[in-house]
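Protein chains: 4
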Amino acid sequence: MIIVMNKNATPANIEEIVGWVEAQGLKTHLSHGEERTIIGVIGNERPLDEGQVERMEGVERTLRVLEPYKLASLDMHPDPTFVPLNGLQVGGQQVVLIAGPCSVESREQILETAHAVKEAGATAMRGGAFKPRTSPYSFQGMGLAALELLAEARAQTGLPIVTEVMAPDQVGLVAQYADVLQIGARNMQNYNLLRTLGGINKPVLLKRGMMNTVEEWLMSAEYVLSCGNPHVMLCERGIRTFETVTRNTFDVNAIPALKARTHLPVLADPSHATGHWEYVASAALAAVAAGADGLVIEVHPHPEAALSDGIQSLKLDRFAELVPRLRAVAEAVGRTL
Amino acid sequence: MIIVMNKNATPANIEEIVGWVEAQGLKTHLSHGEERTIIGVIGNERPLDEGQVERMEGVERTLRVLEPYKLASLDMHPDPTFVPLNGLQVGGQQVVLIAGPCSVESREQILETAHAVKEAGATAMRGGAFKPRTSPYSFQGMGLAALELLAEARAQTGLPIVTEVMAPDQVGLVAQYADVLQIGARNMQNYNLLRTLGGINKPVLLKRGMMNTVEEWLMSAEYVLSCGNPHVMLCERGIRTFETVTRNTFDVNAIPALKARTHLPVLADPSHATGHWEYVASAALAAVAAGADGLVIEVHPHPEAALSDGIQSLKLDRFAELVPRLRAVAEAVGRTL
Amino acid sequence: MIIVMNKNATPANIEEIVGWVEAQGLKTHLSHGEERTIIGVIGNERPLDEGQVERMEGVERTLRVLEPYKLASLDMHPDPTFVPLNGLQVGGQQVVLIAGPCSVESREQILETAHAVKEAGATAMRGGAFKPRTSPYSFQGMGLAALELLAEARAQTGLPIVTEVMAPDQVGLVAQYADVLQIGARNMQNYNLLRTLGGINKPVLLKRGMMNTVEEWLMSAEYVLSCGNPHVMLCERGIRTFETVTRNTFDVNAIPALKARTHLPVLADPSHATGHWEYVASAALAAVAAGADGLVIEVHPHPEAALSDGIQSLKLDRFAELVPRLRAVAEAVGRTL
Amino acid sequence: MIIVMNKNATPANIEEIVGWVEAQGLKTHLSHGEERTIIGVIGNERPLDEGQVERMEGVERTLRVLEPYKLASLDMHPDPTFVPLNGLQVGGQQVVLIAGPCSVESREQILETAHAVKEAGATAMRGGAFKPRTSPYSFQGMGLAALELLAEARAQTGLPIVTEVMAPDQVGLVAQYADVLQIGARNMQNYNLLRTLGGINKPVLLKRGMMNTVEEWLMSAEYVLSCGNPHVMLCERGIRTFETVTRNTFDVNAIPALKARTHLPVLADPSHATGHWEYVASAALAAVAAGADGLVIEVHPHPEAALSDGIQSLKLDRFAELVPRLRAVAEAVGRTL
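Chains as they are written, first to last, in the working numbering: chain B, 53 to 389; chain G, 53 to 389; chain Z, 53 to 389; chain L, 53 to 389.
If you are wondering where the hints come from, they were derived from the structure by calculation, not from laboratory data.
Some hints here could point you the wrong way.
All copies of an identical chain are treated as equivalent in the list; a pair is satisfied when it fits inside any one copy or across any two copies.
To be verified - Below, simulated DSSO-like cross-link-like pairs (lysine-lysine); rule was C-alpha separation at most 27 Å, straight line: (1) Lys-79 to Lys-367; (2) Lys-79 to Lys-59; (3) Lys-367 to Lys-59; (4) Lys-59 to Lys-170.
Remember, predicted model here, so these are calculated numbers, not experimental data.
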């Protein structure tokens, strides 16, 4: 950490900070410029809280030299993490394809979708049982009944199941049915939930909050990792910006930016990232070209009748047409799908 | 709701939508323009899901005529709601002043602060027992011990207590100690938590999510109200924007925008809204001038030693100096404090 | 246009608006709901100013049915526009590749770069003569001398030249040298400049403002088109968001969103859109996969010595390595490069 | 400047940077941590371009110790700048009040407004002659005729005139008529215009770009100051964010943030900052409470007939009612108005 003192800082201010830093078992280097004095902290700065330093008398600002996450960091763990998914390794050579409806709505809907996406080439199936909805008057998910239908679809198709969990007290139940537990965008900083998922032994799909930075996202992954669960997959799903022609702005830059910082697999959800089915194919192709390790795509047999998010869902035949195009791009960038 | 059909919509598309709308018990008016046909929905459109309509064949876009919230709406409830707080009415003539540290850290710290803010003129005391922290390695709050210290501070000063609750299973415990339960910014869309707080009979302070619109915020209030708890106070605490000289951007416009939409009281938190103690006074004065019903201000006897958010905390003497300035502005806009 | 009246609107308010609309030669349809009256405007609404309508007594809000641009609109001009570039057609089957340094800095630098990018497969060469710089103390470009060096590079390599023009009074001079005149992001709404470029007969490359919506961007294109110049190419170069790990956020969604609205060619600048050379390849590949008609890439023989924006420039050999990867993705999506 | 080397930086990399820095006449301090080496630059770093440093081999990132602006900096010029305006000093004890229509539309409109705002207590009059409009089909201002009408209004009322200039070649003409030349938000980074205004001897009102940071804004002021014109006033007019209930988000925090960085006067424009006349009073009162040195308010005798921006204009009587409320708040914070 670098500590820049303000121009009115006194020698006593500097001495106090140096003393405090050294009391934490770290060393310091002073550098006296014409207008400012700078204190360099030497050693493992990660436990230091820059906020605490910034409020000390005479401090103008600080700069972290090391990122605040550790278990999620590529520096600390230079080999990629492979997350097991039904015999595959997410983060490996093969780009995985997770497809299914926003919500489980009926036995017929989920079984029809499961068979169709399996045939089209999907690696896993998604479907919501517990749904976070902006309005208390909207459909909130079928709950346990949905989990049972997902299990039936898995039994018929062999596709593993990815489904969202919204609260710590749901984790036990959902973990009985799901192969991968998803943390939704609105819960990316629900720390009680993150800690609970850190204590199970199933993979976690951690979606990015719609207004969270890459660094905050990695800190949320750090919560899960630090509680003992190493199987975290990150999923970019669009961020909130000023632009309104799309529901979210797909931050495709986050893919290489994450790859430069972490060993965890990085997926993308082009359905939420655009919010319009017409744009899903372009965003999905872009994600694969940019290096994503997998895609999460909303698919519905009858989007116009969907109880949630149908506007961004692909019809079954459109999904089937998209898969070979995704495969062609995956191969163009040296991957399989 | 207004439904704009796209230019290739067929008569059959239009007929299907008209039939669907009328099946919901609503009426329609058709208007055929040169380039587009428009379907007007007549009746109470609130239960309609515009997403569902937008994915029907031939639809280009829709416009809600009525806002999606109802219990929170000024249209439906034109008189202001007064939330009781220790004999006062939040939302009435008097601007309330809630002050205290980000986190409860020790008996000495909280008692010293409680006496000081009481003497300076505070209406209530805040202090965190359970803390949402970006890093798993940061101080996470003293939990139950903090609640007991807050109760002791209340017993000594008579100041009611405002404290945050992070998960549904904490609500019962926190409600035994707190006078007002706060929902933090990161939990504004934690629907399980909102529903649980809708079932208690203590006031709720609902902070705005740093990434959430005014309309989403009112929908979160609607969750609490629709579960039976009428005592919701809204608190603007800054939003995330591109600007980095302040930690957040204080959306002072939200105060009149909320007053035009809802009967619920509107407070402001200038400490989080700026993130720097040097700017807290300006933002606090601005909030009162703009019509806020109350302020939530972080105060700490020794900000440089605070375990969280000290950088935005006022020292006790600076808070005491600010109160008469706030009172002068409150009186200039026809309020008391 | 749809005009939603507020709930207190009087019959006289409604009558006044109907009269005003009809005085513009348009027709109206009234629809009286339980809580609101809605006025539908029938006919060509484009000349109406919604702001003017919204401030009339009794109006709550309005919705445009038709987009405000006309010459740029795909509705009005369903066939793609091909912009001629040295015998190629931008917007056609071939993805074009425009490469070169941010600024022209010396004869040696520009000639070395021109030959290298030509050999690697570039379609055109870029290089700044007049540079918009945040600081008045930064290098502002070599001006006329740079234009002459660009002309020499063209003479040697045959590559056409793309260069920025910053002010209306530079247009004549720049047009003598350049094959394509670029409008930079900061000037996207410099209307005097747009009008001047509408009066010349050379293609214009219109970069998106970092703070501008897709609709505003198309309105800026409309300025150029409406002044008589049909050869406008749009170039997405990243928008400003809250994220700071990259200099800008590449809005890859804008590519399909534009293709759904306009007939103009759409290019992407992965150098500005990321701001870090390590991420340029990912963003460039993503752009091609998403359907971009071309790329603008910063290349420099010695980025560490560049006088501007070297941090986002590729070295010559890295550019040469990227081209076949771009070609593979272009072919995977049915294009050539 | 602090230069953080990446963990793979070699001694040769470090040596090269040290040599380069010292060749600029500056000194260095090295600090070797366990994971990173840090190079501290000692001396006046302002001429260094951090981008250039960041692209050198082995560099991870840099931190400026000194802000990049100099003439605009409070560090360099600790006394406030007073800008003369018709015998008043903007930036002094008195809060100035600039009012008038968005555009000059007719002799009757501007004269009626001028007399009304004069009587209500305005300090100066605003009115647009050249208007930047998103659409090429919207009213673009009356140009010279408007300037003449403004001069007539000044002759009748004694109020000085503030009007916008859009292009360098208009500056001479506008300066013949106006007392203050305004640079609009879209032109905040139109450097040719900034330089031209740096060469005249009339005050400049520099509006903030809707997506520009406080630091970029001060760099634009630096352009004007460095060209020789010391009379720059800054005007916050709202920034673009994700929120859509208001046209812009009024960044009231920018007022104290600027006061901590610069000696230049800071004004606010609550009309653009909200975009709705109903919210203008709240935002104006907030600005004065937060420490603004003046307000720019749009006023129109008949907003519903205005040719531009009527939706955010106050009627004459509403403006007259607002002035005493503003005065009460100004006095509550120790100012006059």
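Hint by hint, here is what the structure shows:
1. In this assembly of identical chains, the alpha carbons of Lys-79 and Lys-367 never lie at most 27 Å apart, being 61 Å within a copy and 30 Å across copies at closest.
2. For the homomeric pair Lys-79 and Lys-59, the shortest alpha-carbon distances inside one copy (23 Å) and between copies (19 Å) are both at most 27 Å.
3. Taking the closest pair of Cα atoms, Lys-367 and Lys-59 come within 27 Å of each other only across two copies (22 Å); inside a single copy the shortest separation is 63 Å, beyond that limit.
4. In this homomeric assembly, Lys-59 and Lys-170 never come within 27 Å of each other (Cα to Cα): the closest approach is 65 Å inside a single copy and 36 Å across copies.
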